[in-house]
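S.K.: Residue numbers (numbering that gives the first Met the number 0), protein chains in the order written: chain A, 0 to 475; chain B, 0 to 475.
Don't take each hint at face value.
Treat identical chains as interchangeable: a pair holds within one or across any two.
[As the list claims (entries may be wrong)] Computed cross-link-like contacts, EDC-like style, restricted to lysine to aspartate or glutamate with a CA-CA straight-line distance of at most 20 Å: (1) 290 - 128; (2) 59 - 171; (3) 357 - 292; (4) 322 - 119; (5) 33 - 258; (6) 434 - 174; (7) 231 - 97.
No lab work stands behind these hints, which were simulated from the structure alone.
Protein chains: 2
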Amino acid sequence: MSIATATRQLKKRLGARVDTSREGCWAASFDSSKISFLPAAVITPRQESDVGIVLELANKHRVPVTVRGRGTTLMGSAAPVRGGWVVDTLKLAKVSIDADAGLALVQAGATTASAQRAAEKLGWFYPPDPSSKEYCTIGGNIACNAGGMHGGKYGVTRDFVVALRGYLPTGEFVEWGTATKKFSAGFNLRDLWIGSEGMLGIVTGAVLKLIPQPAARWTLLTSFPDEVTALKAARTLFRSRVQPAICEFLDRESVLCAERATGKTVFPGQAGRPVILLEFAGGVAEVDDLKADVLAWAQREALAFREARSRAEAEELWAVRRKCSGAMFELGDAKLNEDIVVPMKNYEKFARFLAGLKRSSKLPVPTFGHLADGNLHVNIMYHREDKAEAKRAEAAVQKLMETVVAFGGAISGEHGIGLAKTPFLRLQHSPVQVKAMQAVKRALDPRGICNPGKMFDVVRIWKFPKLEVKFPWDHK
Amino acid sequence: MSIATATRQLKKRLGARVDTSREGCWAASFDSSKISFLPAAVITPRQESDVGIVLELANKHRVPVTVRGRGTTLMGSAAPVRGGWVVDTLKLAKVSIDADAGLALVQAGATTASAQRAAEKLGWFYPPDPSSKEYCTIGGNIACNAGGMHGGKYGVTRDFVVALRGYLPTGEFVEWGTATKKFSAGFNLRDLWIGSEGMLGIVTGAVLKLIPQPAARWTLLTSFPDEVTALKAARTLFRSRVQPAICEFLDRESVLCAERATGKTVFPGQAGRPVILLEFAGGVAEVDDLKADVLAWAQREALAFREARSRAEAEELWAVRRKCSGAMFELGDAKLNEDIVVPMKNYEKFARFLAGLKRSSKLPVPTFGHLADGNLHVNIMYHREDKAEAKRAEAAVQKLMETVVAFGGAISGEHGIGLAKTPFLRLQHSPVQVKAMQAVKRALDPRGICNPGKMFDVVRIWKFPKLEVKFPWDHK
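So here's chain A without its partners, still in its complex pose (with noise of 0.2 Å):
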């Protein structure tokens, strides 16, 4: 049957709920990665079950269904690439708190900061925080795994899901764990599904894990003289056990892309320093016991440091980390942000790659990222009409790929593959986890229509036009 067909019984089982017009099959046709495909229909859910009925029809006539939350994502995953149906997450967005068991009821379509304000009423917190948490979806951010800033100390998105629904590929209810932090009954088809990238069926509700909201934050900015030290000294204070909620590293470019967009120095005279951002959260009486040790610390191995004595001072020690993504245009008008993770142990030495790496590429390669789990955001900047450049850069994403796993670390640690990581899958897995892999998608999605194109088919986004659309959450 052809997909027209198809899509006309689905107009007949979900009416206006499916959307056929130019312009909604073409607003669903990318995402942040701004490669278009157009899809045959854009389904938007008024409740759970309708996600059933498009995933039985789907699969019945062999149509290709991809989701997708508000198109965060810069891996291309929610990308149409076949074509065939979008399920848009938009209209499932319920949020409700259980605030005895500290518990977060939400639909995949909720945002991930509108979770976090539910629970922030009640003195709950809901940790992961990807920097497009005002947007990005509790369903995008367990098809990826989402992290954030927070990730070091209390962990990823998967840490905090105790349950998720939704539909199999084959249009088939089913429900993983239940609402209680225990649940050890049955294979963990739950965390299974979690960065599976919308590829073995559809999330369409989760309950999340709280913890209880930190009552105080002390944010602390360090300087270094050079990249080396700057990561040498995190280790030293990990190693002292000591865990800041947030520990954001920025590399010398980065620090100056920031302070060109500031205007100012981030330290009075000591341009393009390599800095740490530190907040530390809990109790009040907690925070206050670490401020002596972890001043102690940036004495004896900083450059420079200065602590916030307020929340606008907070604010203010922010601003060079608020500010340098956006000013990395200035470098280049195309970036491969790359999210690799790299294991502590293998810190300086990452330095001093890089370092070669900025040196044999004639690019900028910016670099920021959380040091408490060693997951860093790695910009090679170029320009894209400047075809020797756009080679460099594609060489240096490929020895950056191999470097990292080379030191032990992932190719990805919170955005996940989608299309853009699709070269790399098999740098971090060998052929037997590749095969692997793919038999568990064949199990659950025997026809193979959920996300089809990604992870396994190798695709080189950056050779393919790119929009000239710009987001709300792109960096101005």
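Start from chain A and add chain B according to the hints.
M.R.: Leaving out everything else, chain B in the frame of chain A:
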């Protein structure tokens, strides 16, 4: 080919690591469920790659393989019900600590306590603490996603595993995840392995996340007029977002068991009052900070309470918890020990159900467990030789499981399914869910050699003859 021929081939490859003696096979024929099924050989690998050799041959010749740690499981998960070969991880017991990153690198046969002690020496803490931790292994903990008393605040085994390595049922080596706290590259087969009870491959090594060792602990014992009041008081505490590291509940019958065993009442003049034992852990200032609030709660909610002012006093308070389990065997020579989980919102309802169950079954059902995560150990006591009692016990466990699921809870929080919980798997999981699990099993173990006969085949283990053996971890 006969199993005898396959075993001869295995001996050629692994020599003295393969034991076919009568005593060796008998010792590996049962776990703590004490139901014996003789294997044809026991293999004790000296290096992890030996496991690959075993599985490769087993897969070729279709020999069932059951992996065991020390056999502390009560579920029959390590009993080789289909014979074949048993892999004993005894000699794969290396532990090392990465003190900077806060990671433990362990082999599957290391005991939980040995990993904890290695971490402690360097100021780090591995929270999961099954009560058999001096004997049980990390591999076993991973197999059943073991929990323990610390689960509510800190999480269970799954929450501390960052990477696994081992062998697929085909004998092929795989590594899931890296020694880093973030990883989002490819399907999450690491977590699919956690809780899969040796049915999807054999884990040989793991990287575990550690947290800073708490500097201070404070213990408080509280008693209540009845179970409903106790559980309601616990909910009040949790709602105030106070997070005890441990929050153990003992019902009237459990307290009476402990009081008989110790020869004194927990609170003078108040025999058989349900208790909640609380332990708070953290920084010195952090724990001090909590005390006033917690004591005010105890003043308001409890009938009586006593705090420990020293480790010795804390040990004294702990006596009630440590003694209750063993003393239960005065109430019957057989125990159906169910580690169910109840959502917090249904605590009081569950207490009322339990009172009814005790009345209707005319059996003692002492119940204790972990209130921060709802994981309660319900112990249905009866006399094996008394057919009427045995029948009432069987009816009671069925009723319990149905009620737990109806209340939105789990039939197992930390023990897994094994053989013992197989009659209840389909109360927890719909036919679609079971079918999905079985599809995953077939995808990774097409010849069905890894721990066959578990989880999906219904076995009523209380009908099997039970060995008269004593394990070092059995309650006195």
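S.K.: Now look at each hint and say whether the structure bears it out.
M.R.: Results for each hint:
1. Taking the shortest alpha-carbon separations for residue 290 and residue 128, neither the intra-copy value of 25 Å nor the inter-copy value of 32 Å comes in at or below 20 Å.
2. Proximity of residue 59 and residue 171 under a CA criterion of 20 Å is satisfied intra-copy only: 12 Å inside one chain copy versus 35 Å between copies.
3. Proximity of residue 357 to residue 292 under the C-alpha cut-off of 20 Å is found in neither arrangement, the shortest distances being 35 Å within a copy and 55 Å between copies.
4. Proximity of residue 322 and residue 119 under a CA criterion of 20 Å is satisfied in neither setting, with 26 Å inside one chain copy and 41 Å between copies.
5. For a Cα distance limit of 20 Å, the shortest separation of residue 33 from residue 258 qualifies neither inside one copy, at 29 Å, nor across copies, at 69 Å.
6. In the homo-oligomer, the alpha carbons of residue 434 and residue 174 lie at most 20 Å apart only across protomers (13 Å), although the nearest pairing inside one protomer, at 26 Å, exceeds that limit.
7. Taking the shortest Cα distances, residue 231 and residue 97 sit within 20 Å of each other only across copies (15 Å), while inside one copy they are farther apart (42 Å).
Hint check: violations occur at hints 1, 3, 4, 5; the rest are consistent with the structure.
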